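Chains as they are written, first to last, in my numbering: chain A, 1 to 129; chain B, 1001 to 1129; chain C, 2001 to 2211; chain D, 3001 to 3211.
These aren't lab readings, by the way, just hints derived from the structure by calculation.
Take these hints with a grain of salt, some might be off.
Beyond 10 angstroms from chain B on every Cβ pair, some chain A residues (computed) [unchecked claim]:
#1 14
#2 50
#3 61
#4 116
In the SDA-like style, the derived pairs of lysine to any residue whose C-alpha atoms are separated by at most 20 angstroms in a straight line are [as the list claims (entries may be wrong)]:
#5 C:2128 with A:25
#6 C:2124 with C:2073
#7 C:2128 with A:97
#8 C:2100 with C:2012
#9 D:3070 with D:3058
#10 C:2100 with A:97
#11 D:3070 with B:1075
#12 C:2176 with A:127
#13 D:3148 with D:3205
Pair by pair, the computed Cβ-Cβ distance ranges are [claimed, not checked]:
#14 D:3067 with B:1125: 52 to 60 angstroms
#15 A:54 with C:2110: 35 to 43 angstroms
#16 C:2153 with A:118: 53 to 61 angstroms
#17 A:91 with B:1058: 41 to 49 angstroms
#18 A:43 with C:2062: 20 to 28 angstroms
#19 B:1118 with C:2039: 23 to 31 angstroms
Since we're looking at a predicted model, the values are computed, not measured.
Each residue gets a CB set at the ideal place from its N, CA and C atoms; glycine is no exception.
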Amino acid sequence: MSDNVAIVIVSHSRDVAKGAADMVHQMVGEEVRVAYAGGTEDGGLGTDVAAIMAAIETVWTEKGVAVLVDLGGAETNSEMAIEMLPDGKGEKVQILDAPVVEGAVMAATEAAGGSSLAEVRATAEDFGS
Amino acid sequence: MSDNVAIVIVSHSRDVAKGAADMVHQMVGEEVRVAYAGGTEDGGLGTDVAAIMAAIETVWTEKGVAVLVDLGGAETNSEMAIEMLPDGKGEKVQILDAPVVEGAVMAATEAAGGSSLAEVRATAEDFGS
Amino acid sequence: MTTEPSEVASGDALVTALIGAVHDTILAHRDELCDLDRAIGDADHGHNMARGFEAVAAASDEIAALPFGKALQKIGTTLVMKVGGASGPLYGSALMAAGKAGEDAPTSLVEVVARLEAAVDAVKQRGKSDVGAKTMLDVLVPVTEALKAGPADPLATARGTAAEALEATRPMVATKGRAAFLGERSAGHLDPGARSSELIIDAVCDVVEGR
Amino acid sequence: MTTEPSEVASGDALVTALIGAVHDTILAHRDELCDLDRAIGDADHGHNMARGFEAVAAASDEIAALPFGKALQKIGTTLVMKVGGASGPLYGSALMAAGKAGEDAPTSLVEVVARLEAAVDAVKQRGKSDVGAKTMLDVLVPVTEALKAGPADPLATARGTAAEALEATRPMVATKGRAAFLGERSAGHLDPGARSSELIIDAVCDVVEGR
Ligand SMILES: Nc1ncnc2c1ncn2[C@@H]1O[C@H](COP(=O)(O)OP(=O)(O)O)[C@@H](O)[C@H]1O
Ligand SMILES: Nc1ncnc2c1ncn2[C@@H]1O[C@H](COP(=O)(O)OP(=O)(O)O)[C@@H](O)[C@H]1O
Ligand SMILES: [Mg+2]
Ligand SMILES: [Mg+2]
Ligand SMILES: [Mg+2]
Ligand SMILES: [Mg+2]
């Protein structure tokens, strides 16, 4: 696996997060690391800061991590998770302003080309606008 | 259940479609009918025209049906499905230009207020732009 | 989890009592909070808050052994990690900021207000929001302001202001959080986070009064 | 599923032979089509086409019993229902339109071209696209044009044009379909749908030649 920007998908629904990760995987294969966090600790709809932190840490790279989120609480919890990452890792992690599923596929496709986090972000955020 | 505009969610991934429907349900309860279609006949990633038609027919109402899709093939297959609906039902069905998960939640929330399909469409399509 | 008035004297007893009282009121109003959230959100605010305060209550002894400021911070991080909704990082950041405002339990109204101001600022920053958006801030900010004015009866002022401020969220149109999705239709309902803030303020007043 | 040349004479034998030949070539190139799609898409074009033509082949007898135009339409609707990717409605609409262009099997090049033109228009409309977007249209359109010019050897012209047109998709930057996500990086690869179109054209030529 080359050192490309990694992708983390955060949804209120574990199914959405997992399915979006499957779609990303189908598009970019092993070229881009993808992790996801979805649902609350007890299996309901919501987001779990600890799970988001764990997902980010699984795929973290110096090159950067792009985080895709669905609605409000997912964003707030992801911001919190990024701030709580140890060793200043959070500096290399950005939440993209793009739809969770479409943005994840777009971001991963851009990342697969070796693009920087800024480029990945721009591509995903421009899409559909 | 009041006669509100219904929602159909079409994703390449069955998990995404189901999870998005769960999120919609959490937001609007029984006020809005929601159906989904995701994945190919054989359980892979893709979309299935027959399944999309069936999903639309399950929730179809004179008031209108808003269809949310993820990427290219989901849209093309949904357009095809709508054209193939019997009895001119397709005239009351529109594909929204909005992200599949966020758009579904937005559209359903608007629909729950009794809005017309045009209003539902406008709200979902404006979101995030 | 209900607490005897006599326990309230020492620092750790205060923390234990506060945790117990807030936990109790959240559990007692769990369904109401969900119902409020059902009207203008996703029906989970009661469950979210209960999940958070169950975890806080479970760690009550450990938390109460900490200095007051650290105890608040620990409650904050627990809420952040456990709530699962937007309210988790919001209340969590509030308590973390309030805890950082000083090691020892406040001994004056001025010190209480300093912590509340830190908490309110944290919510504003984390939520990218302010008063008038139909959120918990519409209770937290007026209560902080009212106490800052140095009222004769701080507890009565806190309770009264919280109750009025909660009611004032009813006609508001939400512009933050999920309720914002409803646009104009969010008017006519109390904000669930404003209600949980009011409940927490009431519970804290109860403890301070030794009820 | 391979077909004896002698079968090609009558209408229904022609349809059976066409289905068999296309089905064979799609299955034989399934992995190649997936590999092409892996480079600039989601790696499923071979599986999608195979799923579609398996269903067509399974209904071969039923389809071959229909008048030629209706048979093409039925193949089209089967592809629409079974392929599962964007190529399903595209090839499906193409065949449905080609089928609607007349009941009987074409007896002249002009009639073949009329069906091809109907097919191409349907793909353009369904795909909201045109030549130059690095899609199947970049094979289907040049072949239709070349045949429209009334070449001396239509089969050789169709094969040669398809092969060249396929190769011409390599440097193109995709602007439709998933490959468009790659932007400039889509250049340097053949388009999978262009390859499947070329394979189908070759297979049809084989049948017409009686190979
Ligand atoms: N951006 C924000 N700023 C301040 N408070 C907010 C914000 N977003 C949501 N809230 C508060 O959080 C409450 C909802 O919390 P909860 O239901 O637990 O989370 P979620 O909205 O993720 O389901 C709202 O009623 C509101 O008071
Ligand atoms: N809008 C379009 N117009 C014309 N052809 C298209 C369009 N979108 C995709 N295609 C064709 O379809 C092929 C991809 O088909 P396939 O992989 O089966 O579907 P999907 O892209 O849904 O996975 C592309 O290589 C291209 O030739
Ligand atoms: Mg909620
Ligand atoms: Mg929630
Ligand atoms: Mg494909
Ligand atoms: Mg596909």
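Inset, instruction - Check each numbered hint from earlier against the structure, then list the numbers of those it violates in ascending order. - result: 1, 5, 10, 11, 12, 14
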